[in-house]
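Student: Sequence:
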Amino acid sequence: MPEMILQGPNRYLLPKTGAMLVDALLFLNDNLRRSISGEGMELRQLCDAAALPGVIGPVIGLPDIHAGFGLPIGGVMACCADSGVVSAGAVGMDINCGVRLLSTNIPSASLDKRTLRKLMEAVEVRIPTGIGRKSRHRELCLDTLPQIMSGGVGELIARGYGRPDDKDYIEESGCLGGADVTAVSKKAMERAGQLSTLGGGNHFLEFGTVDWLPDQETDNFGLHHDMLTVLIHTGSRGFGHQICTDYTEIMAAAAPRYGIELPSKGLACCPIHSKEGRDYLAAMACAVNFAFANRQLITYDIREAFREVLGGSDQDFGLNVVYDVAHNIAKFEEHFGRRALVHRKGATRALPPGHPINPDRYKDTGHPAIIPGSMNSPSYLVTGTAAVSETFHSVNHGAGRTLSRSAARKTINHEAFTASIGNVMLNTRDYKQLFDEAPLAYKDINDVVETLAEIGLTRKVARLKPLAVIKGEGDD
DNA sequence: ATGTTC
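The opening position of the first sequence corresponds to residue 1 in this note's numbering, with each subsequent residue numbered one higher.
If you're looking for bench data, these hints aren't it; they were derived computationally from the structure.
Since the structure is predicted, the reported quantities are computational estimates derived from the model, not experimental observations.
We put the beta carbon where it would ideally sit given N, CA and C, even for glycine.
Do not take every clue at face value.
Stated by the list, open to error - In the DSSO-like style, the derived pairs of lysine-lysine whose C-alpha atoms are separated by at most 27 Å in a straight line are:
id	residue 1	residue 2
1	LYS134	LYS186
2	LYS363	LYS460
3	LYS118	LYS134
4	LYS113	LYS432
5	LYS432	LYS410
6	LYS16	LYS265
7	LYS460	LYS118
8	LYS187	LYS134
As the list claims (entries may be wrong) - Quick list of the computed label-pair ranges, beta carbon to beta carbon:
id	residue 1	residue 2	range
9	ARG257	ASN105	56 to 66 Å
10	GLN7	GLU334	21 to 31 Å
11	ASN105	PRO256	21 to 31 Å
12	GLN315	PRO256	57 to 67 Å
13	ASP430	ARG114	16 to 26 Å
All chains, please: the whole structure from these sequences, using the hints.
Tutor: Structural data, given as structure tokens:
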């Protein structure tokens with residue numbers, strides 16, 4: 001296990017040793033420190049990333065860190081835009097896995113259990129859940145996928161699937177530049193017919209209620225006490241998965257030709273300016289835009305479901321986009337006076353107040369980072385402070401697993417699951433499918449959020465309490 | 001995360 005040197009409250013240095021070119025820096029409070037595994041797999045993965053050519057130190061481990069494929073989830077690796085590398089595994093299998101929060105002006109107390117159930121059902125009819133499910137918008141997928149991959153959310157809005165201002169509240173305005181469908185394999189294109197599907201695993205749709213707003217001075221991102229919220233967590237589905245798989249193979253085969261020694265297959269990488277590197281970034285942007293579009297079309301379907309169940313128009317419900325952020329992405333950004341390709345894997349961008357890339361409405365506060373808790377624990381909105389420059393403008397993205405999926409399925413039984421889920425309404429009674437998503441399998445969201453807030457990197461701005469959760473099921 | 005063990 002790599003050496004961890006306590007540097008200050010909630011802050012550990014993993015000093016440069018062996019093949020490492022830079023240090024790693026890890027943020028954990030005492031509870032989270034205890035949940036680091038004995039082998040320190042997640043720490044090793046940070047150190048491996050610190051050995052890649054052109055890496056800009058330090059490699060960052062966020063409070064929700066846990067071992068992943070290549071870079072740990074909860075990891076940030078910045079690479080010099082000129083001399084650095086790009087790694088498909090350091091973005092992750094689910095390219096632009098991310099969250100979108102919708103606000104409403106519907107008082108949560110006005111919804112009885114039957115109405116809430118009806119809303120869930122109207123949403124479920126429109127948005128297929130679980131692995132392998134296909135889009136119900138078949139013609140849209142047949143006609144416009146290449147345009148959506150290049151043009152992102154704007155292409156959907158231009159066709160009537162959303163409001164013009166929806167994209168003002170999406171990272172990159174819902175379209176990452178540099179997308180090129182010719183860099184996408186035929187196999188990946190064949191897996192792209194999944195717009196407005198949720199997926200499985202940790203993906204979910206959650207109805208919640210605003211239960212804490214500490215700041216009286218701001219407009220709180222359009223959120224109001226005790227109003228219903230809708231939280232969408234999904235990504236690029238089979239399409240992004242295939243692109244990661246394709247380019248991990250391509251990069252692993254090509255890396256030796258560039259004199260790169262790979263610490264692990266998951267960190268397979270190539271120079272940013274190599275053909276393989278450029279092609280990956282062009283294909284990744286297609287998956288990023290596909291995932292933004294997935295969350296946009298889900299928003300469209302949710303608005304339709306609300307009109308059907310509650311009667312009335314969009315003006316009655318609000319259902320405004322508060323913000324939409326990527327959790328798995330690589331982007332060119334300016335940090336410490338240098339241009340860098342920042343890989344965020346299970347990490348959220350959080351621009352500080354005043355940063356010019358914030359949407360106008362959030363310029364004075366910084367845009368919110370949305371941090372979902374587990375199925376029966378709150379979600380938080382936080383903003384970055386000036387000090388968040390230390391983590392390349394990155395903060396934690398969720399609670400973070402404490403048990404692997406297989407370990408959770410082994411240790412959690414029906415009784416434990418039922419007890420842990422409390423009063424939250426679920427779309428399925430087949431709880432066995434959800435054991436690996438039980439709150440017990442996750443770290444305490446309060447520890448994860450407090451770790452950065454206590455040392456001034458983030459500011460908590462809202463808390464949402466879950467009322468009802470739609471999850472995808474695995475295989476029957 | 002994933003047409004989950006091409």
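Student: Now, for every hint given, state plainly whether the structure supports it.
Tutor: Going through the hints against the structure:
1. LYS134 x LYS186: holds, 18 Å
2. LYS363 x LYS460: holds, 17 Å
3. LYS118 x LYS134: holds, 23 Å
4. LYS113 x LYS432: Holds - the C-alpha atoms of LYS432 and LYS113 are around 24 Å apart, at most 27 Å.
5. LYS432 x LYS410: holds, 11 Å
6. LYS16 x LYS265: Answer holds: LYS16 to LYS265 is near 21 Å, not above 27 Å.
7. LYS460 x LYS118: Not satisfied, since the Cα-Cα distance of roughly 32 Å exceeds 27 Å.
8. LYS187 x LYS134: holds, 16 Å
9. ARG257 x ASN105: 56 to 66 Å: holds, 58 Å
10. GLN7 x GLU334: 21 to 31 Å: holds, 26 Å
11. ASN105 x PRO256: 21 to 31 Å: violated, 58 Å
12. GLN315 x PRO256: 57 to 67 Å: holds, 59 Å
13. ASP430 x ARG114: 16 to 26 Å: At roughly 22 Å between Cβ atoms, ARG114 and ASP430 fall inside 16 to 26 Å, so the hint holds.
Of the numbered hints stated above, those contradicted by the structure are hints 7 and 11, listed in ascending order.
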